[in-house]
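Visitor: Here's the letter readout for the chains.
2 protein chains.
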Amino acid sequence: MKATPNTTSEPAVVLLSGGLDSTTVLAIAMSEGFGIHGLSFRYGQRHSLEIAAARRIAQRAGVREHHVVDIDLTLFGGSALTADIPVPKDRDLSPSAASAKEIPITYVPARNTIFLSYALALAEVIGASNIFIGVNALDYSGYPDCRPEYIQAFEKMANLATRAGVEGKTKVLIRTPLISLSKAAIITLGTSIGVDYSDTTSCYDPSPTGEACGRCDACQLRLKGFSEAGLEDPIAYATAPSAAR
Amino acid sequence: MKATPNTTSEPAVVLLSGGLDSTTVLAIAMSEGFGIHGLSFRYGQRHSLEIAAARRIAQRAGVREHHVVDIDLTLFGGSALTADIPVPKDRDLSPSAASAKEIPITYVPARNTIFLSYALALAEVIGASNIFIGVNALDYSGYPDCRPEYIQAFEKMANLATRAGVEGKTKVLIRTPLISLSKAAIITLGTSIGVDYSDTTSCYDPSPTGEACGRCDACQLRLKGFSEAGLEDPIAYATAPSAAR
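Residue numbers (our numbering), protein chains in the order written: chain A, -2 to 242; chain B, -2 to 242.
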């Protein structure tokens, strides 16, 4: 996955977190021939590894441009990812477990709505119809803003929010190619179109040297996905993960 | 309009721009007995007068807290309010004029969507159902994100985006008490409930000393509103305005 930026094709916005899902989405959008405008957010994360990963991934993929926007979500607190709340470890995420049905403390209030709103602004300025986001309703069923009905409602709102809604110009499409795929299916799909997952980072609580903890929800889901896909996860883990690998 | 913060009543979020409309909305929300969490944005405006006005207005009203959030909309450009594009002056805004039907260059792409998304995050964290915004469909018919159908679509999306949508908790209401009022009716209503408009600022292009230009769309609409309401606009103008005063 190494290319030179495409400067003539139809533009599209791709939300890039540096994670496994958005990296796969980027490859899908590139494979459709779009000129990619990547968009990442510094939102008071505990670490800047995500941004560094997103930059590397965007550069290797040959995006047209990559914006990194500062937004201050810590102001609002309320999540283990933005406030001083410990990241949960070793949770039972099997579908039958009670904890799998709760909204996790790692949920950030209205995060995807804020991210998609910025993407909408960028899309309107560059004249893009397609906004890609790597949400997934299966593994993250506890996050309200990863569900198909939410995405549909956002898309409808987006088309009323912008010039498109008044002048009947560019119609906004929120593209969610991963929404109904399992983590294993995402990894299988990505690998088949050449995604190199060694640059991606998923861990909610990595070590100071950048190794994944192997125990938070994100690590558990990632490891289970690679295991079910019959592939080796190329990134480094700080501890021998408890999940099957 | 001077009060001490209400610390026990139901919380509500009020978007405060320092302008005439949001100041009226704040007074309406206070009159309903809510404990107010004001929210303002520094979004690359050409001047910081708006934020200073919002701070004064929030303090005088006795809000519970007032957040000022930095967001970088200049990244996206595309508007006379955020990019290096001159603010139009002396436009013909009569309903029959062609220019009154266009989307003005002062439209900021997806601005209200971004503002409301932050308000949604804050509302979720503090447990507020009511989000107040001073949009107006009549004077600003050219702004897609001031129309009732947009607000309805945002509200629907908001209820799917948050814990409310999954756990059936707090229902989100986007409150737009001014949406169908004329500027004159807004001023009459505000004056009747004690709003002091001398702290408000509306001009898109004020002088370095803070005087309103009297010629941009916002000044024209404001002056026409005061004139039709039969009231004197208490703020200072740099030039004798062309509109009836």
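There may be inaccurate statements among the hints.
As the list claims (entries may be wrong) - The calculated DSS-like cross-link candidates involving lysine-lysine, where the alpha carbons are at most 30 Å apart (straight line), are: (1) B:K221 x A:K153; (2) A:K168 x B:K221; (3) B:K153 x A:K153; (4) B:K168 x B:K153; (5) A:K153 x A:K168.
Said to hold, decoys possible - Which stretches of chain A does chain B cover? Using the computed rule of at least three CB atoms under 8 Å from a CB of chain B, they are: (6) 49 to 55; (7) 169 to 178; (8) 199 to 211.
Calculated directly from the structure, the hints in this document are not laboratory data. In this text, a Cβ means the ideal position worked out from N, Cα and C, and glycines have one as well.
Visitor: All the hints need checking, so say for each whether the structure fits it.
Guide: How the hints compare with the structure:
1. With a C-alpha separation of about 35 Å, the suggested pair K221 of chain B and K153 of chain A falls outside the 30 Å cut-off, and the hint is violated.
2. At most 30 Å may separate the alpha-carbon atoms for a hinted pair to count; K168 of chain A and K221 of chain B exceed this at roughly 36 Å.
3. Between K153 of chain B and K153 of chain A the alpha-carbon distance is near 10 Å, which keeps this suggested pair within the 30 Å criterion.
4. Between the alpha carbons of K168 of chain B and K153 of chain B the distance comes to roughly 10 Å, so the proposed pair stays at or under 30 Å and holds.
5. For the hint linking K153 of chain A to K168 of chain A, the alpha-carbon distance of about 10 Å falls within 30 Å, and the restraint holds.
6. Counting residues of the region 49 to 55 of chain A whose C-beta lies closer than 8 Å to any C-beta of chain B gives 0; at least three are required, and the coverage claim is violated.
7. Restraint check on the region 169 to 178 of chain A versus chain B: 0 residues with Cβ-Cβ distances below 8 Å, three needed, restraint violated.
8. Counting residues of the region 199 to 211 of chain A whose beta carbon lies closer than 8 Å to any beta carbon of chain B gives 0, which falls short of the minimum of three for the stated coverage.
Going through the hint list in order, the structure does not satisfy hints 1, 2, 6, 7 and 8.
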